[in-house]
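Fit chains B and C to the known structure of chain A by using the hints.
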Amino acid sequence: MTTEGRAHDMEMPAVSKPRPTKFIVGGFIIVAVVVYLIVSSLGGSTAYYLTVAELRAKGPAAVGQKVRVSGVVDGATIQYDQQNLILRFDIVDNSGRLPVVYHGPRPDMFQDQAEAVVEGKLNADGVFEASNLLLKCPSKYEAAATATASPR
Amino acid sequence: MIADIGYGALLLAFLSAGYAALAFVLGQRRRYPELIRSAENGFRMAALWVAASSLIMLYLLVSRDYQVRYVFEHVSNTLPLAYVLSAFWAGQEGSLLFWLLLVSMAGLVVLYSQRDAAAQPLRPYLLATIAIVQTFMALVLILPSNPFALLANRPADGLGLNPLLENVGMIFHPPTLFIGYALYTIPFAFVLAGILSGQPSDAWMARVRRWSLMAWLFLSIGIILGAWWAYIELGWGGYWAWDPVENSSLIPWLVGTAALHSAAVQSRRGIFRTWTAVLNILTFGLCIFATFVTRSGVIQSVHAFERSSLGWYFAAFLAVAMAGSLGLLAARRRAFADNYALESYLSREAGFLIGNLLLVGAATVVFLGTIFPAITELFRGQQVALDAGFYNRSFGPIGLAIILLFGVCPVLLWRRTTLAQLARRLIVPAAIAVLTIVVLIVIGRREPIALVGFGSVAFVAGNILMEFGRGALARMRSAGENPVTALLRVVGRDRRRYGGLIVHLGVLLIVLGVVGSGVYKQEYQTVMKPGETLDIAGYTVQYVQYVDQELPDKQRFATILRVSRPNGAARELVPEKNFHWNVEQWVSEVAVWSRPAEDFYVILAGLSSDGTATFQFLQEPLMLWMWIGGGVMVLGTLLAWWPAGERRRRSASDTAEG
Amino acid sequence: MLPIIIFLLMAGLTVFMLVYPLWQGSSAARPLPAAAAPRASAGKCATCGRALEPDERFCPQCGTPAGLRCPQCGRALAGDERFCPGCGTKLEGSR
Numbered sequence: 001m002t003t004e005g006r007a008h009d010m011e012m013p014a015v016s017k018p019r020p021t022k023f024i025v026g027g028f029i030i031v032a033v034v035v036y037l038i039v040s041s042l043g044g045s046t047a048y049y050l051t052v053a054e055l056r057a058k059g060p061a062a063v064g065q066k067v068r069v070s071g072v073v074d075g076a077t078i079q080y081d082q083q084n085l086i087l088r089f090d091i092v093d094n095s096g097r098l099p100v101v102y103h104g105p106r107p108d109m110f111q112d113q114a115e116a117v118v119e120g121k122l123n124a125d126g127v128f129e130a131s132n133l134l135l136k137c138p139s140k141y142e143a144a145a146t147a148t149a150s151p152r
Numbered sequence: 001m002i003a004d005i006g007y008g009a010l011l012l013a014f015l016s017a018g019y020a021a022l023a024f025v026l027g028q029r030r031r032y033p034e035l036i037r038s039a040e041n042g043f044r045m046a047a048l049w050v051a052a053s054s055l056i057m058l059y060l061l062v063s064r065d066y067q068v069r070y071v072f073e074h075v076s077n078t079l080p081l082a083y084v085l086s087a088f089w090a091g092q093e094g095s096l097l098f099w100l101l102l103v104s105m106a107g108l109v110v111l112y113s114q115r116d117a118a119a120q121p122l123r124p125y126l127l128a129t130i131a132i133v134q135t136f137m138a139l140v141l142i143l144p145s146n147p148f149a150l151l152a153n154r155p156a157d158g159l160g161l162n163p164l165l166e167n168v169g170m171i172f173h174p175p176t177l178f179i180g181y182a183l184y185t186i187p188f189a190f191v192l193a194g195i196l197s198g199q200p201s202d203a204w205m206a207r208v209r210r211w212s213l214m215a216w217l218f219l220s221i222g223i224i225l226g227a228w229w230a231y232i233e234l235g236w237g238g239y240w241a242w243d244p245v246e247n248s249s250l251i252p253w254l255v256g257t258a259a260l261h262s263a264a265v266q267s268r269r270g271i272f273r274t275w276t277a278v279l280n281i282l283t284f285g286l287c288i289f290a291t292f293v294t295r296s297g298v299i300q301s302v303h304a305f306e307r308s309s310l311g312w313y314f315a316a317f318l319a320v321a322m323a324g325s326l327g328l329l330a331a332r333r334r335a336f337a338d339n340y341a342l343e344s345y346l347s348r349e350a351g352f353l354i355g356n357l358l359l360v361g362a363a364t365v366v367f368l369g370t371i372f373p374a375i376t377e378l379f380r381g382q383q384v385a386l387d388a389g390f391y392n393r394s395f396g397p398i399g400l401a402i403i404l405l406f407g408v409c410p411v412l413l414w415r416r417t418t419l420a421q422l423a424r425r426l427i428v429p430a431a432i433a434v435l436t437i438v439v440l441i442v443i444g445r446r447e448p449i450a451l452v453g454f455g456s457v458a459f460v461a462g463n464i465l466m467e468f469g470r471g472a473l474a475r476m477r478s479a480g481e482n483p484v485t486a487l488l489r490v491v492g493r494d495r496r497r498y499g500g501l502i503v504h505l506g507v508l509l510i511v512l513g514v515v516g517s518g519v520y521k522q523e524y525q526t527v528m529k530p531g532e533t534l535d536i537a538g539y540t541v542q543y544v545q546y547v548d549q550e551l552p553d554k555q556r557f558a559t560i561l562r563v564s565r566p567n568g569a570a571r572e573l574v575p576e577k578n579f580h581w582n583v584e585q586w587v588s589e590v591a592v593w594s595r596p597a598e599d600f601y602v603i604l605a606g607l608s609s610d611g612t613a614t615f616q617f618l619q620e621p622l623m624l625w626m627w628i629g630g631g632v633m634v635l636g637t638l639l640a641w642w643p644a645g646e647r648r649r650r651s652a653s654d655t656a657e658g
Numbered sequence: 001m002l003p004i005i006i007f008l009l010m011a012g013l014t015v016f017m018l019v020y021p022l023w024q025g026s027s028a029a030r031p032l033p034a035a036a037a038p039r040a041s042a043g044k045c046a047t048c049g050r051a052l053e054p055d056e057r058f059c060p061q062c063g064t065p066a067g068l069r070c071p072q073c074g075r076a077l078a079g080d081e082r083f084c085p086g087c088g089t090k091l092e093g094s095r
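Protein chains in written order, with our numbering: chain A, 1 to 152; chain B, 1 to 658; chain C, 1 to 95.
Read the hints as simulated data drawn from the structure, not as lab findings.
The model shown is predicted, which means the values in this text are computed figures rather than measured ones.
Note that the Cβ used here is the ideal one computed from N, Cα and C, for glycine as well.
Wrong hints could be hidden among the right ones.
What the hints assert, rightly or not - Computed from the model, here is a short list of chain B residues facing chain C with C-beta under 7 Å: (1) Ser-16; (2) Glu-34; (3) Glu-246; (4) Thr-533.
Claimed, not checked - Derived DSS-like pairs: lysine-lysine, alpha-carbon spacing no greater than 30 Å straight-line: (5) Lys-554(B) x Lys-529(B); (6) Lys-121(A) x Lys-529(B); (7) Lys-121(A) x Lys-521(B); (8) Lys-521(B) x Lys-58(A).
What the hints assert, rightly or not - FRET-style restraints, in silico, Cβ to Cβ: (9) Leu-638(B) x Lys-121(A): 37 to 45 Å; (10) Val-31(A) x Arg-416(B): 44 to 52 Å; (11) Gly-27(A) x Asp-243(B): 27 to 35 Å; (12) Ile-5(C) x Leu-368(B): 51 to 59 Å.
Chain A on its own, in the form it takes in the complex (with noise of 0.2 Å):
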């Protein structure tokens, strides 16, 4: 079988049939497949973006369900259990304080007044459990950028 490829076929007879339904119906059934693939994934993928007030006025429904979170993280609460690796904290935000834990190394970021969204379930004693926590370069960093870099 010859592999290499010819110049375009412009010598091939023009047939212009128009292009079966076969076809049609096949890139319909791709198109199904991965509409189906992307409703049925969200189930149980979502996590609803709540403040701390609104996870707290959901009271009892908001057990268990997945969540985020972001506030920013008050240094005096933290303390890290180094040898089991679990960290406690409060993430505060403008409508309240949240304590925290999460099972796992201290991240880099991890500091007083750093930027946190935590993802994960309310506990049934108040406590989140972050299952995941993402942080944001700290805000010192940019306040000290702010604060000399006045523009003209």
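Showing chains B and C alone in chain A's frame:
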């Protein structure tokens, strides 16, 4: 003062590029060759001024002129020279200037390479399109994103680089991605020029091929480097987090892959013309989108919607560019109509079509997932985030289908294949796959994902190797050469095809790494004091020494480990936790022992003043193959790109090989 | 002060480069970047014989309207004749 000249250069670049775009179009439409020559000069001047402002920026960086805000934000007195230079593309303004520089340079190459008679109808529109893109970028640099903005007074020291970014990968990862994004301007320009000049696309598609391959190559390198950097630097043993910025580079890569394959069919069969044009337009649009997502901070992992006016500029440009080009394509679709349709499901064309649909489907999945929080906020007033599980569940099956298609497509014949022909060619690879699965089950690796994954890899690899074998055999028979020469010659004769097959092999190696580390990763956690030894996961780990060292830029805390294996092989691994003075931030460095079978990955998770350390040990099987696979992909692409030895005169048909 | 001077020099250079081809234009040979189609279709001016572009309405040399005229006798033509009805010259070059 020099910064002001830099800004002036940008202003002139903006005006020159804008003039060039107008003059090219007017000159071509009014048959006014002097205007076209004037436009060419405008094009050259724009490139000149962009180069000048880039050189000025480099000078400002190297001379550490902190009065320039961009220099202040990215350079410090103690920053090594390599990072001072790479600061050029480290921040928003600089990377956009870098992008503009790349487009200008590529534009110059196009200006000088498309001079043959056949290119003449296209050329003014080609250059005009590139000039319009340059005009937009220059406008962004002049207004919202000025790299030469000054501070009120000159600080004594700059902020420097975030230590997390002080890593070789971070020098090369952003620029390779940006080169990829910038180079995709050229195929887009060709498509638009083809539409505007009314030229049938078969005549010029071949010129685009090498540009598309280069752009795709750099995008691939950029993505792989990013994954490697994440693996080494971010220190959680992972390489891909489905983060918006990561995703935004993957989406154009997927669509760009589809565009490459569609163009391959067009060059061989003269069909899929509209597909190819649309895909090239979309790839460019997605590159703009990716630049925008990466550098404007609009879609962020933590706080979304920190709106800067940059977003509006990009959104407007994207909307106009996409609507305009797709609209023009629709208006001139007759020039892109195929001569004839597909004949059979069992044909290589159909295989490519299915592959393209799957690739676009995968891109859609990633795209929707990425903008999902933005959409939900728009419609429900509340952001909803998606986790990695969504992507794994929706992207995974599509990826698997694409991989299997790799295996089937090369043995499909053009136009029509009979089931018997297909079966004959697939029987051996299928047998290899079944054998692999059986072996896996026998040795106890029974996880379904592993069986499917490794089985598919075996099937496709078997197929590809047999393709090489068949080619070499045919040549041995006809030319009487020995196997090695035959193989080299047959590959050299059809570099496109065999280069592509090698790229597919590279992807398979990456899949090995993905499946191996995904399914069989193991994690251990332990506390050790200096001097202690531990046997773990088949390794003997001795905590030799604890280091507490004060350095000019950081306080270095390191744990020296001696790791050995039963067969006598040993390594010194030194995971660290460093406190960087300038940003008052900790940066961890992991230590990895890479072997073909697995990576042994050590994280220093906790440290006390007496040296008692908490370690996490990760066993990541087959990770090394991911990086090897990336290298193979690069080699395959270069082979496919390599120009034909016999340099044909460019005025002759460039639509043939090479 | 100095930056402004430098900028003006840069701007001046730019403007010069843009304007020069326009100013220089008419004396230079014109390789018009037309389509690669062969030029056989160009006609000839009936009055002065100068080769005409397909879209030129008037002969640039003598100003005669580039209508359909027999190059030999100047008689107006319909356009589809093979031979001039006036002088019998064989007509060449189709539009």
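TODO: Provide an ascending list of the numbers of those earlier hints which the structure does not satisfy.
DONE: Numbers 3, 4, 6, 8, 9 and 10, in rising order.
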